[in-house]
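Enquirer: For the record, the sequence lines run as chains X and Y.
Per my numbering, the very first residue in the first sequence carries number 456; after that it's consecutive.
Per my numbering, the very first residue in the second sequence carries number 18; after that it's consecutive.
It should be emphasised that the hints constitute simulated quantities derived from the structure, not laboratory data.
Please read all numbers here as calculations on a predicted model, not as lab measurements.
Heads up, the beta-carbon is just placed ideally off N, CA and C, and yes, glycines get one too.
It is possible that some hints are incorrect.
Cβ-Cβ distance ranges computed for the label pairs, FRET-style [as the list claims (entries may be wrong)]:
| id | chain 1 | residue 1 | chain 2 | residue 2 | range |
| --- | --- | --- | --- | --- | --- |
| 1 | X | Met479 | Y | Arg248 | 24 to 30 Å |
| 2 | X | Asp668 | Y | Pro106 | 30 to 36 Å |
| 3 | Y | Val237 | X | Met479 | 39 to 45 Å |
| 4 | X | Gln650 | Y | Thr251 | 31 to 37 Å |
| 5 | Y | Ile48 | X | Pro618 | 53 to 59 Å |
| 6 | X | Asp617 | Y | Phe242 | 42 to 48 Å |
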Amino acid sequence: MTTITIDNVSRWFGNVVAVNDVTMSIGPGVTGLLGPNGAGKSTLINMMAGFLAPSTGSVTLDGTRIWRNEEVYHHIGIVPEREGMYDFLTGAEFVLANAELHGLPDPGAAAHRALATVEMAYAQDRKIDTYSKGMRQRVKMASALVHDPSVLLLDEPFNGMDPRQRLHLMDLLRQMGADGRTVLFSSHILEEVEQLASHIEVVVAGRHAASGDFRKIRRLMTDRPHRYLVRSSDDRQLAAALIADASTAAIELDWSEKALRIQAIDFSGFTELLPRVAREHGIRLYTVSPSDESLESVFSYLVTA
Amino acid sequence: MYNPTVARLTFRALLGRRRALILFALPALLIVISVAVRALAGVDDNVTSDLLGGFALATMVPLIGVIAGTGAIAPEIDDGSIVYLLAKPLKRPSIILTKLTVAIGVAMAFSAIPTFIAGYILNGNSQQLAVAYGIAAAVASIAYAAVFLLLGVVTRHAVVAGLVYALVWESLIGNLVPGARTLSVQQWSLALAQKIGGGDIVQSDVGLPVAIVLLVAVTVAATWFAAQRLRSLTLAGEE
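The following block holds chain X by itself, in its conformation from the complex:
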């Protein structure tokens, strides 16, 4: 039981379309679900986890429907994003309860093993409401691993973790992927996904924007047109000199801003060109700022690409 298939799935809430006709297949190894906040990542994960019915289309695990089928939880482990988790229990009691709910033959041993895997044995007898966010995250992880699932779904697992905890969780997920498990995690941070995932699915505004390995996604992201806002001692002369080079696609003299708006095609070529041209013409650069480096604009480029 290792492949989750999402087939022509849409999901809307009232008039809001959260997921729009997405088709993707998540197989063994680590897959990153990348997208800005509000892109529909959680909605997708909730559908894969059986907590939400698709409005249209189907979500299946090796051909078995997931919605309203509690048998799939023998094979799926879930790390939810929300924090609610029986805070009045200790970490050990919480993981043990999860092991019992799975009907494992030896829940005590399974809980012990899972807590050791996430390195939480040292704090297992403290109440959960005394835990830091990173500790809670690891106990959630232990509860998801306790029945040794072949599929692991994690919604924003790195949120609130410190760098050391982050590295540890990454190692753990990498290991699980190498063992042949299907590991899917969502994130809105490209670097996080890039470090961990061998395969990336990008969603933006409910749509499936891109799919592939991280090099391909990275190239799509860096090869897009870059926009800059530049102010100099002689905007018009600078514009004339820059447009002659193949790395610029368009230049606009913005009178209200008293600045140049430059669209570059070749990122590395342009960053080398601009200071050289300025020096050759004796032009002073006052401002050079990228005007669309926000993640949202990177993503929205991917959607139209």
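Got chain X; can you put chain Y on it based on the hints?
Expert: Coordinates of chain Y only, in the frame set by chain X:
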């Protein structure tokens, strides 16, 4: 159909939260009032019936029912921790039946038993009043637990809805509109008390056969519907 782990979690959640204070406060109040009445007014069957019917059965039992019934599931749905029950190969009806069992147990322990004790304090079970109201409270606890557990599954405002039902419908409208009493858990259980209690002290607006049919029907229907709703419970879909 009964899961001991679910029961343990539910039980600890019910008695571990602040709302548990009300579970202790209401029965304690009933006992204190009973002791005071007995000391000041002596043994009087009519006073006993008024207090057990007017405060215990009409106010305390439904309030305890609201706390036990909604408290058995609503907080978990609210804070999202229900995920840890739902992401398990557990039949949804067994989750509901287990939680219902715990809710009934807690409701009975905190309403039926204190009612019975209060009856003994007030008139030493003369005319079987302590037993009559104790059993009526126990039966009402079952129906209330089922109804308010369902409310806990279907609405985010289960406690408010439960209080409105318990206080406005059962107490207020029941007193003003005689017809409304026919559709009242309180009246159904009173029918039982009327059968058990001696003399004509206990009065219900509903006949016993009708009352029993309605009690069973409401309990079963609410439980079945709660299980159905839990099967398709949608978790925090909106982003």
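Enquirer: Take the hints in turn and mark each one as holding or not.
Expert: Taking the hints in turn, this is what the structure says about them:
1. Distance hint check: the CB atoms of X:Met479 and Y:Arg248 are about 26 Å apart, consistent with the given range 24 to 30 Å.
2. Evaluation of the 30 to 36 Å hint for X:Asp668 and Y:Pro106 yields a pass: the beta carbon distance comes to about 34 Å.
3. A beta carbon spacing of about 43 Å between Y:Val237 and X:Met479 agrees with the range 39 to 45 Å that was offered as a hint.
4. The hinted range of 31 to 37 Å is satisfied by X:Gln650 and Y:Thr251, whose Cβ atoms lie roughly 33 Å apart.
5. The hint said 53 to 59 Å for the Cβ distance between Y:Ile48 and X:Pro618, and at roughly 58 Å that hint holds.
6. The hinted range of 42 to 48 Å is satisfied by X:Asp617 and Y:Phe242, whose Cβ atoms lie roughly 46 Å apart.
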